[in-house]
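A.B. asks: With the hints as constraints, model all of the structure from the sequences given.
Chains as they are written, first to last, in our numbering: chain G, 1 to 117; chain L, 1001 to 1227.
In case anyone wonders, no lab produced these hints; they're calculated from the structure.
Some hints here could point you the wrong way.
As the list claims (entries may be wrong) - To give an idea of the chain L side of the interface with chain G (calculated C-beta under 10 Å), a few residues: (1) Glu-1011; (2) Ala-1036; (3) Gly-1040; (4) Ala-1062; (5) Pro-1070.
As the list claims (entries may be wrong) - Here are the simulated distance ranges between beta carbons: (6) G:Ser-3 / L:Glu-1024: 51 to 61 Å; (7) L:Ala-1090 / G:Glu-85: 53 to 63 Å; (8) L:Leu-1210 / G:Glu-61: 43 to 53 Å; (9) G:Glu-61 / L:Glu-1024: 11 to 21 Å; (10) G:Gly-42 / L:Ala-1038: 21 to 31 Å; (11) G:Gly-42 / L:Phe-1052: 20 to 30 Å.
Bear in mind the structure is a predicted one, so any value in this text is a computation, not a measurement.
Glycine residues also receive a C-beta, built at the ideal position from the N, C-alpha and C atoms.
Below are the chains, spelled out letter by letter.
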Amino acid sequence: MASGERRRTELLRGVLDLCLLAVMQEGPAYGYEMTKRLRARGLSIVGEGSIYPLLGRLEREGLVETYRGTSNGGPPRKYYSASLEEQRTLAAGVSEWRAARDAVDAVLGLVEAEVAP
Amino acid sequence: MSEFVEECRREWKRLRVPDPVANEMAADLAADLAEADAEGASAEEVLGSGAFDPRSFAAAWAGERGVIQPPSPTAESSGRRSRLPAAIAAFALITIIGAVLAILAAPSHPARLAFASTFRPALGVVVPSPFRLGGPPRIARPGLRGNVPPRLRFFGPPRIGRPRVSVVVPQPGPATRVFAVAGNDSGLNLRRIGLLLLLAGVVGLVLSTLYGSPWGNPNRRSRWHAA
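C.D. replies: The following block contains the structure:
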């Protein structure tokens, strides 16, 4: 794995659960449907860790509610929906992400300005 | 695709994931993979890097869901542990039986076991017994009586003039021969040996009983208290 890919993986690992919680804000979704929502927003998990273990952890921690339902006549799927706890966790996580992002930007932004033509 | 799901199933079974949970995860996974396949998406787009290692993927998913049944720490060793007290008890019983036989077989005059070097037949030595209570170890003098072949010698204190009956047990070993000698002045006391064996057997029996009981085995004790 190239260093760029490895760095991207490491960066995503800390926030992928927040991304899943965020796409659940659009409405209940099953596993692959969430993958498609992420992809639609420009975030592909190709080469990254699977979302299924993350969904399992979110379920175990009570951050999501689940139920089984059918989708467009397909087989029954497990749908994940946001819980009240999820709202608080997502809000706190987004706040932490933005703080970290701003701090990193404050450092790397200068470097980028110097490198940019 | 289905091969990937089957591999996951096998891993969940190995990890003792409850069947209903494993079936649910397998059904969701199969449906997602089928949908992705129908849309022309690769398995990697659904599973990420987990697409290349179904066993790790399955273990991670089940682990994060918290549905892996932890192996019982005592399940594997419980069989071994349960056999140990039984083995100790059996050995103790055999020891007790042997001790009783030794005590019953012992003559009214204590018999002793003496060890003599076959390399020095003229200077048979009665090995001082650690169980012997009275008197210092004695050097016995070999002698011949009646029709006893020359190679079978008996050992006894020269000061006792009466005939002595010796039980000679020739051993095939090259170094020593064991003699059971009638007398009361040296060697191993069979009755005392029997009593010591009896004591050891009883101690072994008690230990095996304690080990097999809830008070002697911490694992059983914890289960007993839990119950």
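A.B. asks: Can the hint on Ala-1062 of chain L be confirmed by a CB-to-CB distance to chain G that is less than 10 Å?
C.D. replies: holds (7 Å)
A.B. asks: Quick one, is the Glu-1011 of chain L hint okay against chain G at 10 Å, beta carbons?
C.D. replies: violated (13 Å)
A.B. asks: Given the hint of 53 to 63 Å, is the C-beta distance from Ala-1090 of chain L to Glu-85 of chain G inside that range or not?
C.D. replies: holds (59 Å)
A.B. asks: Falls inside 21 to 31 Å, the C-beta gap from Gly-42 of chain G to Ala-1038 of chain L?
C.D. replies: Hint holds: Cβ distance 23 Å, inside 21 to 31 Å.
A.B. asks: With 10 Å as the cut and Cβ atoms as the points, is Ala-1036 of chain L at the interface with chain G?
C.D. replies: holds (6 Å)
A.B. asks: Verify the CB-CB distance for Leu-1210 of chain L and Glu-61 of chain G against the hinted window 43 to 53 Å.
C.D. replies: holds (46 Å)
A.B. asks: Is the hinted range of 11 to 21 Å satisfied by the C-beta distance from Glu-61 of chain G to Glu-1024 of chain L?
C.D. replies: holds (18 Å)
A.B. asks: So, Pro-1070 of chain L near chain G? Judge it on the closest CB pair being under 10 Å.
C.D. replies: violated (15 Å)
A.B. asks: With a cut-off of 10 Å on the beta carbons, see whether Gly-1040 of chain L makes it to chain G.
C.D. replies: violated (13 Å)
A.B. asks: If you check the beta carbons of Gly-42 of chain G and Phe-1052 of chain L, does the distance land in 20 to 30 Å?
C.D. replies: holds (24 Å)
A.B. asks: At the C-beta level, are Ser-3 of chain G and Glu-1024 of chain L separated by a distance inside 51 to 61 Å?
C.D. replies: violated (39 Å)
Of the hints listed earlier, those the structure fails to meet are numbers 1, 3, 5, 6, in rising order.
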